[in-house]
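From just these sequences and the hints, can you work out the full model?
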Amino acid sequence: MKKTLLTLALLATGSALAKAPLTVEHLNRFNKLHDVVLSPDGRYVAYGQTNTGFSPADHSSDLYLMDLSNLNKVSRLTQSMGRESQLQWANDGQSIYFIANRSGTSQVWQLPLYGGEALQVTDLPLAVEGFKVSSDGKQLALALSVKPGCQSLQCTLEAKAADAAKKDSAMAYDQLMVRHWDHWLTPYRNHLHVAALGQGVVKDATNLMSDWNTNIAGMNEVAFTPDSQRLVFSAKIPAADQAWHTNYDIFMVPVAGGEKQNLTAANPAWDAQPSFSNDGRFMAYKAMSKPQAEADKFSLVLLDMVTGQRKELAAEFDRSVSDYKFGADNRTIYVTAQDLGQYAIYAINTGFGDVRKVYADGYAGALNVAADKIVFTNHKLDTPPEVFQLNTDGSNLTQLTDINADWHKEVQFGDYEQFSFKGANDDTVYGYLVKPWDFDAAKKYPLAFLVHGGPQGSFGNMFNERWNAQMYAAKGYAVVMVDFHGSTGYGQAFTDSISRDWGGKPLEDLKKGFEYIVKAQPWIDGDRACALGASYGGYMMNWIAGNWPTGFKCLVNHAGLYDMPSFYGSTEELWFPEFDLGGPAWKPESDYQKFNPAALADKWQTPMLVIHGLKDYRVPYAQGLGAFTNLQRKGIDSRLVIFPDENHWILNKDNRVRWYNEVFQWLDKYTKP
Numbered sequence: 001m002k003k004t005l006l007t008l009a010l011l012a013t014g015s016a017l018a019k020a021p022l023t024v025e026h027l028n029r030f031n032k033l034h035d036v037v038l039s040p041d042g043r044y045v046a047y048g049q050t051n052t053g054f055s056p057a058d059h060s061s062d063l064y065l066m067d068l069s070n071l072n073k074v075s076r077l078t079q080s081m082g083r084e085s086q087l088q089w090a091n092d093g094q095s096i097y098f099i100a101n102r103s104g105t106s107q108v109w110q111l112p113l114y115g116g117e118a119l120q121v122t123d124l125p126l127a128v129e130g131f132k133v134s135s136d137g138k139q140l141a142l143a144l145s146v147k148p149g150c151q152s153l154q155c156t157l158e159a160k161a162a163d164a165a166k167k168d169s170a171m172a173y174d175q176l177m178v179r180h181w182d183h184w185l186t187p188y189r190n191h192l193h194v195a196a197l198g199q200g201v202v203k204d205a206t207n208l209m210s211d212w213n214t215n216i217a218g219m220n221e222v223a224f225t226p227d228s229q230r231l232v233f234s235a236k237i238p239a240a241d242q243a244w245h246t247n248y249d250i251f252m253v254p255v256a257g258g259e260k261q262n263l264t265a266a267n268p269a270w271d272a273q274p275s276f277s278n279d280g281r282f283m284a285y286k287a288m289s290k291p292q293a294e295a296d297k298f299s300l301v302l303l304d305m306v307t308g309q310r311k312e313l314a315a316e317f318d319r320s321v322s323d324y325k326f327g328a329d330n331r332t333i334y335v336t337a338q339d340l341g342q343y344a345i346y347a348i349n350t351g352f353g354d355v356r357k358v359y360a361d362g363y364a365g366a367l368n369v370a371a372d373k374i375v376f377t378n379h380k381l382d383t384p385p386e387v388f389q390l391n392t393d394g395s396n397l398t399q400l401t402d403i404n405a406d407w408h409k410e411v412q413f414g415d416y417e418q419f420s421f422k423g424a425n426d427d428t429v430y431g432y433l434v435k436p437w438d439f440d441a442a443k444k445y446p447l448a449f450l451v452h453g454g455p456q457g458s459f460g461n462m463f464n465e466r467w468n469a470q471m472y473a474a475k476g477y478a479v480v481m482v483d484f485h486g487s488t489g490y491g492q493a494f495t496d497s498i499s500r501d502w503g504g505k506p507l508e509d510l511k512k513g514f515e516y517i518v519k520a521q522p523w524i525d526g527d528r529a530c531a532l533g534a535s536y537g538g539y540m541m542n543w544i545a546g547n548w549p550t551g552f553k554c555l556v557n558h559a560g561l562y563d564m565p566s567f568y569g570s571t572e573e574l575w576f577p578e579f580d581l582g583g584p585a586w587k588p589e590s591d592y593q594k595f596n597p598a599a600l601a602d603k604w605q606t607p608m609l610v611i612h613g614l615k616d617y618r619v620p621y622a623q624g625l626g627a628f629t630n631l632q633r634k635g636i637d638s639r640l641v642i643f644p645d646e647n648h649w650i651l652n653k654d655n656r657v658r659w660y661n662e663v664f665q666w667l668d669k670y671t672k673p
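Numbering (the numbering used here), first residue to last: 1 to 673.
Do not rely on the hints blindly, as some may be mistaken.
What the hints assert, rightly or not - Listed below are the simulated DSS-like cross-link pairs for lysine-lysine, each with C-alpha atoms no more than 27 angstroms apart in a straight line:
id: 1; residue 1: 653; residue 2: 380
id: 2; residue 1: 444; residue 2: 669
id: 3; residue 1: 73; residue 2: 444
id: 4; residue 1: 325; residue 2: 422
id: 5; residue 1: 653; residue 2: 32
id: 6; residue 1: 409; residue 2: 32
id: 7; residue 1: 373; residue 2: 443
id: 8; residue 1: 444; residue 2: 512
id: 9; residue 1: 519; residue 2: 553
id: 10; residue 1: 380; residue 2: 32
id: 11; residue 1: 380; residue 2: 325
id: 12; residue 1: 357; residue 2: 373
id: 13; residue 1: 325; residue 2: 138
id: 14; residue 1: 422; residue 2: 444
id: 15; residue 1: 669; residue 2: 443
id: 16; residue 1: 512; residue 2: 672
None of these hints come from the bench; they were simulated from the model.
Written as structure tokens, this is what we have:
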């Protein structure tokens, strides 16, 4: 009897420790990091952590401090009801700045690290949308939404009051763009302001671009010069053509105001993210070379602030720079860039342009460099983001945080591997395979064939909430993701190859990738396969419906383009279709009819689930409605799911549950008995 009780107890213990497959509830309950910043001396890491109620059992969003010199000791810095964001270290390392809504609007606060409460730095009549503190601590750069032409903040307040007093609801426009992403544009623009620090709470700020009817590109595109006397920022020159070009330039303006000097006027393409070396000698920035392109290679350019000479660093480095930081020696710049399904860290020598790969396993982000260390976040197909540290030579990789340790104990992920095959033009094409969470090689499994959007994008070794490959593995599917021609991280020529060829090489790659993986993995049942995609991936579902109508048992089309000419007339960033499809829709040599899924609507026969957000202004909902109308009119089994409060993505957690449930019900209907 004792033996039996002991056996039952052991079984119960084993059962309690058993892991389960990933669910959408798990996706909604993992803790998240934000604003990971390393102190100037490399001793401390400050970061934000947002909890979801799982472990710890609260929904707090607060700041934490890790001491890297004291066994990585962690201290909680804040315990407020709101959320802090946009962390920045004071140059002396004694305090941190952040934005918080503790006084009715979002303002800048400063928190000393050695005792005392956070002090309010700004008390402006407008919400602060971004900020930068100068290295001498005497100047504050601010992003504020104001009425162009207003010389004072009071002028903007009066304009807002006049808007509120209007009796009609009309919105009038005299130029594009009229809406962006998920909102209609207002007459207000995000302008760069400056204010003096050290003279009490900041209650006013000077607009450095009041005469511009344009936005700054963001506060991550703003930097003080090392002497704190000037600011550089990225923006488009005010003009009526902003909707159909990508010519962001970098401008320099004195903090006292005055003429704005265009530092990149010679380049008609995109210039971005200026930053200065620690000694102030050089300004680095990212630059594209193709006008109107948004997926061109971002090269790193170095401008000598003394001689005025500039040079492209590592011109032969065939990867697009995402983020970068100067090393302590001022002779090395560390960058992140996509590479073969990963987001890797590289070191570039500023003198000779030598490139050295430092780390490449998963998706590296939030790049920080100080002293002799690199601190960054990293995530993989089976791991949400955590903070890591390594030496600048790539050695001594150390995981610093484990904020989802208990969450991980509950979830069993599917094994994954990268594969390659010969695609269009006999080029090598890469992809990822994720096995079902309870994989048994003796069984046959249906296939979820995921197609990424962009189209210049990638489904690589990353943890994604909206298109999480492990969710399909958890439901008993083999998951295949092919980085077809046009994908990023495989060289610029490979990325460029999709432009003017939306329905050509990418479809050929998908067909060949499907054929390859089914033969290479005989446990995959190619006769029980469904394809899924969003945005360009949704376009590809519509394109497959007319060009590969017997390839899949079912299709899932989220926010997919259906009728290309009408898409051109209703989207917002016109530079994208004009570059990728050969100009405006009325040009006879353009591709709007050549690669138009609606033109092949008579060939459709595959059951399709169509999902769309009503606030999607990138691919407006009529595109999804058009696909569903065609399916219904032809008598093809189909279902339309509309989310009135969502944009191009599904962001609300409850909507995410419904989205995944709808998708899996559709897949199961066609792939499982």
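We went through each hint and held it up to the structure:
1. 653 to 380: Cα-Cα ~21 angstroms, so holds.
2. 444 to 669: Within the cut-off at roughly 17 angstroms; holds.
3. 73 to 444: The given pair, whose Cα atoms are some 48 angstroms apart, is violated under the 27 angstroms limit.
4. 325 to 422: violated, 37 angstroms
5. 653 to 32: holds, 14 angstroms
6. 409 to 32: Holds: residue 409 and residue 32 sit about 17 angstroms apart, inside 27 angstroms.
7. 373 to 443: Given pair residue 373, residue 443 is violated - Cα atoms ~47 angstroms apart, limit 27 angstroms.
8. 444 to 512: Within the cut-off at roughly 21 angstroms; holds.
9. 519 to 553: Roughly 18 angstroms between the alpha carbons, so the hint for residue 519 and residue 553 holds.
10. 380 to 32: holds, 14 angstroms
11. 380 to 325: The hint holds at about 23 angstroms.
12. 357 to 373: Since the Cα atoms of residue 357 and residue 373 sit roughly 15 angstroms apart, the hinted pair holds (cutoff 27 angstroms).
13. 325 to 138: Roughly 23 angstroms separates the two Cα atoms, so the pair holds.
14. 422 to 444: Between residue 422 and residue 444 the Cα gap is close to 25 angstroms, so the pair holds against 27 angstroms.
15. 669 to 443: Holds - the C-alpha atoms of residue 443 and residue 669 are around 20 angstroms apart, at most 27 angstroms.
16. 512 to 672: Judged against 27 angstroms, a Cα distance of about 25 angstroms means the pair holds.
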